[in-house]
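Novice: Sequence:
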Amino acid sequence: MGQVTIISGVERRRYWSDEQKRALVMAVSQPGANVAEIAREADLRPGQIYRWRRQMFGDAQGFAAVAVQPDPAPPAGPAVVVELGNIMVRIAADTPPDLAAAVLRSLRR
Numbered sequence: 399m400g401q402v403t404i405i406s407g408v409e410r411r412r413y414w415s416d417e418q419k420r421a422l423v424m425a426v427s428q429p430g431a432n433v434a435e436i437a438r439e440a441d442l443r444p445g446q447i448y449r450w451r452r453q454m455f456g457d458a459q460g461f462a463a464v465a466v467q468p469d470p471a472p473p474a475g476p477a478v479v480v481e482l483g484n485i486m487v488r489i490a491a492d493t494p495p496d497l498a499a500a501v502l503r504s505l506r507r
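Count the sequence shown with the numbering used here and you get residues 399 to 507, in order.
Keep in mind that the hints are not guaranteed to be accurate.
As the list claims (entries may be wrong) - Pairwise CB distance ranges, derived in the manner of DEER restraints: (1) Ile404 to Ala465: 48 to 58 Å; (2) Pro495 to Tyr413: 48 to 58 Å; (3) Ala500 to Ala471: 48 to 58 Å; (4) Gly430 to Arg452: 16 to 26 Å; (5) Asp492 to Trp414: 44 to 54 Å; (6) Thr493 to Pro429: 22 to 32 Å; (7) Trp414 to Ala474: 42 to 52 Å; (8) Glu417 to Ala465: 33 to 43 Å.
What the hints assert, rightly or not - Taking lysine to aspartate or glutamate and the DMTMM-like style, the derived pairs with C-alpha atoms no more than 20 Å apart in a straight line are: (9) Lys419 to Asp441; (10) Lys419 to Glu439; (11) Lys419 to Glu435.
Derived from the structure by calculation, the hints contain no laboratory data. Here the structure is a predicted model, which means the values were calculated and not measured. No residue lacks a Cβ here, since even glycine has one placed at the ideal position from N, Cα and C.
Let's have the full structure, built from the sequences with the hints guiding it.
Specialist: In structure tokens, the structure reads:
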């Protein structure tokens with residue numbers, strides 16, 4: 399004879415909106431964020447947040463949230479200023495060449 403299990407009550411499966419998923423993924427991207435703690439507060443497993451992040455951003459290595467803000471007072475001294483459309487980058491004269499090259503390469507994308 400076989401065994402039958404009957405589950406009654408509220409279904410445990412939850413559905414998350416895209417906004418809720420995005421908010422949780424961005425929360426774990428903040429400096430000092432603890433993925434396990436954020437997942438526990440949302441009543442889900444950390445792996446689910448990682449899965450959502452992969453779905454949103456692919457398997458990009460080194461994913462990080464970036465906030466770009468204008469510099470209130472540009473540093474004084476010699477510098478190279480590069481303008482591309484509405485983007486302006488000021489590279490100080492004492493910037494290492496490898497860093498300056500990486501910044502300029504990132505503008506091409």
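Novice: Look at each hint and say if it fits the structure.
Specialist: Against the structure, the hints:
no.: 1; hint: Ile404 to Ala465: 48 to 58 Å; in the structure: 52 Å, holds
no.: 2; hint: Pro495 to Tyr413: 48 to 58 Å; in the structure: 51 Å, holds
no.: 3; hint: Ala500 to Ala471: 48 to 58 Å; in the structure: 24 Å, violated
no.: 4; hint: Gly430 to Arg452: 16 to 26 Å; in the structure: 22 Å, holds
no.: 5; hint: Asp492 to Trp414: 44 to 54 Å; in the structure: 47 Å, holds
no.: 6; hint: Thr493 to Pro429: 22 to 32 Å; in the structure: 24 Å, holds
no.: 7; hint: Trp414 to Ala474: 42 to 52 Å; in the structure: 49 Å, holds
no.: 8; hint: Glu417 to Ala465: 33 to 43 Å; in the structure: 19 Å, violated
no.: 9; hint: Lys419 to Asp441; in the structure: 13 Å, holds
no.: 10; hint: Lys419 to Glu439; in the structure: 14 Å, holds
no.: 11; hint: Lys419 to Glu435; in the structure: 16 Å, holds
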